[in-house]
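Enquirer: Chain residues, written in single-letter form:
There are 2 protein chains.
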Amino acid sequence: MNPSTEWATDAVSAHTRALIDFICTTTPADLPAAVVAESKRNILDFLGVSIGGSDERAVRIALEHVRDAGGTEQATIPVTGDRTNIGNVALMLGIMGHVLDFDDSHLPTILHGTTPVMSALLPVTEWLGRSGTDLITAYAIGFETAARTALALHPDHYDTGWHVTGTAGAIGAAAGTAHLLRLGREETAYALGMAATQAAGHREHFGSMSKSFGVGKAGSNGVLAALLASRGYDSALDGLEGRRGMFAVMGGAVHPEALDADLGKRWELFQSGLKPYPCGIVTHPAIDAAFRIRAEHHPEPADIEAIEVRVHPLVLELTNKHTPRTGLEGKFSVAFTIAAALCRGRLMPVDFAPEVLDHPDVARVRQLVRLTADSTLPESEAHAVVRTSDGRTLTADIEVATGMPGNPMPESHLHAKFHGLVDPVLGSPAAGTLIGLVDALDSASSVTEIVRHTVTS
Amino acid sequence: MNPSTEWATDAVSAHTRALIDFICTTTPADLPAAVVAESKRNILDFLGVSIGGSDERAVRIALEHVRDAGGTEQATIPVTGDRTNIGNVALMLGIMGHVLDFDDSHLPTILHGTTPVMSALLPVTEWLGRSGTDLITAYAIGFETAARTALALHPDHYDTGWHVTGTAGAIGAAAGTAHLLRLGREETAYALGMAATQAAGHREHFGSMSKSFGVGKAGSNGVLAALLASRGYDSALDGLEGRRGMFAVMGGAVHPEALDADLGKRWELFQSGLKPYPCGIVTHPAIDAAFRIRAEHHPEPADIEAIEVRVHPLVLELTNKHTPRTGLEGKFSVAFTIAAALCRGRLMPVDFAPEVLDHPDVARVRQLVRLTADSTLPESEAHAVVRTSDGRTLTADIEVATGMPGNPMPESHLHAKFHGLVDPVLGSPAAGTLIGLVDALDSASSVTEIVRHTVTS
Chain A
1 MNPSTEWATD AVSAHTRALI DFICTTTPAD LPAAVVAESK RNILDFLGVS IGGSDERAVR
61 IALEHVRDAG GTEQATIPVT GDRTNIGNVA LMLGIMGHVL DFDDSHLPTI LHGTTPVMSA
121 LLPVTEWLGR SGTDLITAYA IGFETAARTA LALHPDHYDT GWHVTGTAGA IGAAAGTAHL
181 LRLGREETAY ALGMAATQAA GHREHFGSMS KSFGVGKAGS NGVLAALLAS RGYDSALDGL
241 EGRRGMFAVM GGAVHPEALD ADLGKRWELF QSGLKPYPCG IVTHPAIDAA FRIRAEHHPE
301 PADIEAIEVR VHPLVLELTN KHTPRTGLEG KFSVAFTIAA ALCRGRLMPV DFAPEVLDHP
361 DVARVRQLVR LTADSTLPES EAHAVVRTSD GRTLTADIEV ATGMPGNPMP ESHLHAKFHG
421 LVDPVLGSPA AGTLIGLVDA LDSASSVTEI VRHTVTS
Chain B
1 MNPSTEWATD AVSAHTRALI DFICTTTPAD LPAAVVAESK RNILDFLGVS IGGSDERAVR
61 IALEHVRDAG GTEQATIPVT GDRTNIGNVA LMLGIMGHVL DFDDSHLPTI LHGTTPVMSA
121 LLPVTEWLGR SGTDLITAYA IGFETAARTA LALHPDHYDT GWHVTGTAGA IGAAAGTAHL
181 LRLGREETAY ALGMAATQAA GHREHFGSMS KSFGVGKAGS NGVLAALLAS RGYDSALDGL
241 EGRRGMFAVM GGAVHPEALD ADLGKRWELF QSGLKPYPCG IVTHPAIDAA FRIRAEHHPE
301 PADIEAIEVR VHPLVLELTN KHTPRTGLEG KFSVAFTIAA ALCRGRLMPV DFAPEVLDHP
361 DVARVRQLVR LTADSTLPES EAHAVVRTSD GRTLTADIEV ATGMPGNPMP ESHLHAKFHG
421 LVDPVLGSPA AGTLIGLVDA LDSASSVTEI VRHTVTS
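Going down the list, the sequences are from chains A and B. Mapping to the numbering used here: the first sequence position 191 is 191, numbers consecutive. Mapping to the numbering used here: the second sequence position 229 is 229, numbers consecutive.
Isolated chain A, as found in the complex (with noise of 0.2 Å):
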């Protein structure tokens, strides 16, 4: 690609300018095969914790609204199966996705970025007719657009308090979208500057509705900031690099070049993770070594003596929860998750519920956890010693935890994620053809089998 061809002006900022050509001019065949496998994975696991997420109380609330509102049968919003605007299914599929804090994360800069680029571009995608393939495309450029835009603001951005997932999520969903609409750069530039003059999102809300809240408002703002830019709708060419754009507004110290570095040679997708388990991503090697325990020695609940688990001080920092009450504070309890680990063998989001938050086995576990921040270790890595009353010393080392860069969740974990999280709302039969539809998306000519297969019969 040249980025200066086709578009004479210098009203665009230089990395604006080459990123808006990586969404306008990428095409199925440069996406090397691996970013196609890795972007069916992580396509999978969204609908996977979309559908998981759908019955809860946010989702609800949020339904009726979207419900009373109203809106043109354009796209069909998952498991209940209501059609209406693209931009209602986004707002719906954003907050979906993320509610159980259980979708993909950007190591990087703790982007969970999938959510918000899909929300928008599965009903547009639907909407417009396109084949899996253009979905693919879509979404591996939203993707990367929101990784890098991440990137562009890390970390001031996010240590300031934004939810990097609400602000860098829209201007993947805008870009994705965008390409989906075959915008021409001058509208992509106006998408991708109405998306920025949207962007929001305050981690003030973490433990409340409105988290997820904000990740559907950047789903439907991205897709509502494409629309208008297709119709002529515009806004200043620089919205991100300018003087007064999101940058200069919402950054600190910022990276610009962060946005078309090696831009489609490097791949930000294969920094980003799918979650093992439905909490903060910083509990994940711990929980790991517990599980590793229980796999390889099948201690017995009331065997054990005494956990010991040496990890990055961050996991204490975030997750030192003693006494959990709710799910949500159990997802802030690393001791709770290593406690239910050890005694259940699973960690779904049902694990979460109040009878295991309370079970006397788990709770005298919990008790017995005893952390240690370690400094120098990377924030991959656990260290965890069990002592049992007969007088074993169970350990277990992870260096890389499940999920993250260099240790991708296998696809058996993957396919039973999905299982965990589908089967008790669609039945296993649908999940399983959901599976086998994903894996053949590449040859669909449509996603109409695929959105028909979210909805409970």
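One should not assume that every hint holds.
Note: identical chains are not told apart, hence a pair may lie in one copy or across any two.
Unchecked claim - In silico DMTMM-like pairs for lysine to aspartate or glutamate, Cα to Cα no more than 25 Å straight-line:
1) Lys265 - Asp423
2) Lys321 - Asp374
3) Lys265 - Asp30
4) Lys321 - Glu186
5) Lys321 - Glu38
6) Lys321 - Asp10
7) Lys265 - Asp358
8) Lys265 - Asp442
Worth flagging that the hints you see were computed from the coordinates, not collected in a lab.
With chain A fixed as given, assemble chain B onto it according to the hints.
Expert: Just chain B, lined up with the frame of chain A:
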């Protein structure tokens, strides 16, 4: 009011808590007569600029989108009479009300508070079937909330590049809607929280369609926040003052005490002025000076040889576009507005048309304008000297421009502005009817008649 009663939580900071009390408990009887009168002036002016802006390209494009997106018939878009959901109406009204850059300005913060607030409240009042007094009360509450949020953030927020009308406007829209929906204190906290976490808008987009887009989003986002809160959707309780809330994330040096200082006693409404000219308020003192020179001395455009205008530095920073090519650029060219005032003696939206921008007289006079930034001047002042070919030196010294606090726009000017905007769209009789209906708003049992008369017959 005693903020400590009826709400036993320490999770809301004191100033926000007092603001929530004001939102929830203010009754029509709490509004001084002058507040009611000023509210009616602002509501009339809002209808005028909205109807006058209804044929702008940004509005037409947005309307195409809204029609395609569809929605339940809850309320009415003025002029076209489209019936759609209140979120859509709010989006349209926010764009319509701001697109001419002709809506009111809160001088201390450059907030255009009425448009985002009224764009939410007019459709909500229509939908709920509430009275004119209910609308006035909700408007006074919503405006006050927006203005005090803006004051709490000013000046760092605006200086950083935030369009405060988009950000604080959303908070005001949510507050007024929460009042109309009769939300309790906790729900109101959630409405404010959800508005805060959606708050957005960058000054980069000044001069493009996305400036008014951001105001439309402020209205519709504020409505969405309050509607979701009314159904039980929650957020953090302390979305404004909390550690990762709006003020911390989007402010610099902030002044949360502005939220409730003399609240209910001092009304920021009186620090807001109606605009006599459809362009940035910073240009108004200079335009007033040009009009005064024309009115007092009647110089022929061809005789003008030099124009020197001394202004606050912000005038040059914001509106120093030398060669405006479009009407929008004309609004950001103080030299053009001075020239048009001197040459034509009128400055309405039609005076920013291409034939005026390119008119030889106007173009010649524009090029004669020499601006001097004087940081000792307040923003309300301008001092102009015009030299003519017959040796005259014509001067005008404006200390408080028309429409600024201390020099409110006279009612005759308000009505002339309204007719100038509305007559071309709805005809003079309908415009006159609307003036009468808004004047009697505090005795109207509903807003149905007003809404009906905003629609072309």
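Enquirer: A separate judgement is required for each hint: does it hold in the structure or not?
Expert: Outcome of the hint check:
1. Lys265 - Asp423: neither (38 Å within a copy, 59 Å between copies)
2. Lys321 - Asp374: Within one copy only: 18 Å inside, 58 Å across.
3. Lys265 - Asp30: within (9 Å within a copy, 64 Å between copies)
4. Lys321 - Glu186: Close across copies (23 Å), not inside one copy (47 Å); limit 25 Å.
5. Lys321 - Glu38: Neither: 34 Å inside a chain and 49 Å across chains, both beyond 25 Å.
6. Lys321 - Asp10: between (50 Å within a copy, 18 Å between copies)
7. Lys265 - Asp358: Close neither inside one copy (49 Å) nor across copies (49 Å); limit 25 Å.
8. Lys265 - Asp442: Cα proximity of Lys265 and Asp442: one copy only (21 Å, versus 65 Å across).
Figure legend: structure checked against the earlier numbered hints; hints not met, in rising order: 1, 5 and 7.
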